[in-house]
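Taken in sequence, the protein lines are chains A and B. Under UniProt numbering, the first residue of the first sequence carries the number 1, and numbering increases by one thereafter. Under UniProt numbering, the first residue of the second sequence carries the number 1, and numbering increases by one thereafter.
Derived from the structure by calculation, the hints contain no laboratory data. Accuracy of the hints is not assured; some may be wrong.
Within a straight-line C-alpha distance of at most 30 Å, the following computed BS3-like cross-link-like pairs (lysine-lysine) qualify [what the hints assert, rightly or not]:
1. B:K194 x A:K83
2. B:K200 x B:K44
3. A:K83 x B:K200
4. B:K172 x B:K200
5. A:K83 x B:K209
6. B:K21 x B:K194
All values derive from a computational prediction rather than experimental measurement.
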Amino acid sequence: MCGAPPQDLDLTGVDLSNQAIVAGIISREEAPLAGAYVRLLDSSGEFVAEVPTSATGQYRFFAASGEWTVRVLAPGAQPTDRKVRATTGEIARVDVTVG
Amino acid sequence: MSRETALVDADWVEAHLDDPKVVLVEVDEDTTAYDRNHIKGAIKLDWRKDLQDPVRRDFVNKEGFEALLSSKGISNDDTVILYGGNNNWFAAYAYWYFKLYGHGDVRLMDGGRKKWELDARELSTDAVERPATTYTAQEPDNSIRAFRDEVVAAIGKLNLVDVRSPDEFSGKLFAPAHLPQESAMVAGHVPTAKNIPWSKTANDDGTFKDEAELAELYVQAGVDLATSDTIAYCRIGERSAHTWFVLHELLGQPNVKNYDGSWTEYGSLVGVPVETGSGS
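Could you put together the complete structure from these sequences and hints?
Written out as structure tokens, the structure reads:
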């Protein structure tokens, strides 16, 4: 992984070198979904953090190296889980499409 | 206190949107949420700008609280319904703060803004103005607020409940994972504290679990609710206000204090004991 942020993911002002980022874009029907809620769970399934998605469907967590689960809550949809491995100095990208 | 007097659900709020004696107040860390839209008629409180002293690290004083509520158009006999983002963390903090200054009827909306949004209930972009009032606050009730010396004295004696995530408790993270991990504090927790993350008290949609489940959480973690007083803390006192609400308002525990200095103060103190790891 080259560490360069994907062009459509805005990480302006974030020092990537010492952070383990989990980030991505949530969409519905091929359009970014604002106002969805994204939860970060640790390897035991314990809640760690939650953010609403931005106007462009984006979310971002500052995690630590290790295994995590991203859970997406959106109006009218069942929660969706995705497992992810985060590494310091890298961006673990998790995009999710909800029904 | 009990669920009936401390909590309302979203249906109750919808039924009281036009009740002149009910004041909806959205409390957020990030007030752009309110500025984007809010529940019809709700006014905004900014956790940092409105509720913290602009210079010292402390609350606004009694006169400041009176001036704030007067300017926001809140009367002493109004029913204040607080809700907000972050699973009601800052709304719970404001609830505790309203109690500290003796407001008569204040309640949380269960699930906060998230539950309202996930239910796809209506939000408004209309500006809200309320005519100014003359609000009178009580002297601060410090029986629900802990200061650092009390926390140090409570080690090994009282229930200390650390409501941060397990990784913050053990020292792996300094802050919740939606914030940058940079800090001048040391990492860890107050020795003898039990780690019962605030998130265990809430469902995914932000509503509180029922009282039997809540009590079981603390019993399972070895917290002596029957005979010992309790101090709750987190990083800056907002998640622990959420747990203070659970213990004091929903479970009716008599002596529970929120330590609003929390880890950002304790983790910066010179000479106090600190423990790392997952606890005993």
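Okay, the hints, checked on the actual structure:
Of the supplied pair hints, the one linking K194 (chain B) and K83 (chain A) holds, its CA atoms being roughly 28 Å apart against a limit of 30 Å. The hinted pair formed by K200 (chain B) and K44 (chain B) meets the criterion: a straight-line CA distance of about 28 Å does not exceed 30 Å. For the given pair, K83 (chain A) sits about 21 Å from K200 (chain B) by alpha-carbon distance, which is consistent with the 30 Å threshold. For the hint pairing K172 (chain B) with K200 (chain B), the CA-to-CA distance comes to about 19 Å; that is within 30 Å, so the pair holds.
Pair hint K83 (chain A) plus K209 (chain B) holds up; C-alpha atoms about 26 Å apart against a cutoff of 30 Å. At most 30 Å may separate the alpha-carbon atoms for a hinted pair to count; K21 (chain B) and K194 (chain B) exceed this at roughly 41 Å.
Hint violations for this structure: number 6 only, all remaining hints satisfied.
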